[in-house]
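Trainee: Starting from the given sequences, assemble the full structure and let the hints guide the process.
Position 128 of the sequence shown, counting from 1, maps to 128 under UniProt numbering, and the rest follow consecutively.
Heads up, a few of these hints could be off.
As the list claims (entries may be wrong) - Only pairs whose alpha carbons sit at most 30 Å apart, straight line, appear in this in silico BS3-like list of lysine-lysine:
| hint | residue 1 | residue 2 |
| --- | --- | --- |
| 1 | 86 | 73 |
| 2 | 73 | 61 |
| 3 | 104 | 80 |
| 4 | 76 | 54 |
| 5 | 76 | 88 |
| 6 | 76 | 86 |
| 7 | 88 | 101 |
| 8 | 76 | 61 |
FYI, nobody ran anything at the bench for these hints, they're computed from the structure.
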Amino acid sequence: MLFGLPPFYSRNQKEMYDQILNQPLTISNMASPSSRDILQSLLEKDRHKRLGCKRDFEEIKSHEFFVSINWAKLLKREIKPTFIPKVKNEADDSLISDEFKRIKPPVNSLMNGTTYVEQDANFLGFTYIPSNLDSVNL
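Mentor: Following this line, the structure appears as structure tokens:
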């Protein structure tokens, strides 16, 4: 998201997986020191050294990259988003690239040709809120 493409991008999925597993991370020279460090720390191949493995999200929140974020206000939804997309309705896909719209879902897809809006009709009046939602600690 920082540079427009994922760090190990390839149109060939096998090639991309090979890069993730075997190639060193390369980061643009345009990256700030804090963005460079967080990418290297989050994408560390050794999971025991990876950012967040010791103190979970607390470790990530305290990284210099996020120094400008007021986590308490974010949790209370008091921070105004910098971008709010304009959509016409729930099915508006005008902000999705045509490249992704052309991709056919797998044959064994649960959607099987229906849209999410059509699927939602099967669950009218049904709501589910996990009981542990309040325990989420950002």
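Trainee: Given the hint that residue 104 pairs with residue 80, does the C-alpha gap stay at or below 30 Å?
Mentor: Measuring from Cα to Cα gives roughly 36 Å; hence the hint is violated.
Trainee: Going straight from one Cα to the other, do residue 76 and residue 86 come out at no more than 30 Å?
Mentor: 23 Å, holds
Trainee: For the pair we were handed, residue 73 and residue 61, check the Cα-Cα distance against 30 Å.
Mentor: 13 Å, holds
Trainee: Would you check the hint for residue 88 and residue 101, treating anything up to 30 Å between C-alpha atoms as holding?
Mentor: 17 Å, holds
Trainee: Verify the proposed pairing of residue 76 with residue 61, using a straight-line Cα cut of 30 Å.
Mentor: 16 Å, holds
Trainee: Holds or violated: are the alpha carbons of residue 76 and residue 88 at most 30 Å from each other?
Mentor: Holds, at roughly 27 Å.
Trainee: Is residue 76 within 30 Å of residue 54, Cα to Cα?
Mentor: Distance ~26 Å between residue 76 and residue 54 Cα, so the pair holds.
Trainee: Would the pair residue 86 and residue 73 pass a check requiring their Cα atoms to be no farther apart than 30 Å?
Mentor: 24 Å, holds
Of the numbered hints listed earlier, the single one contradicted by the structure is hint 3.
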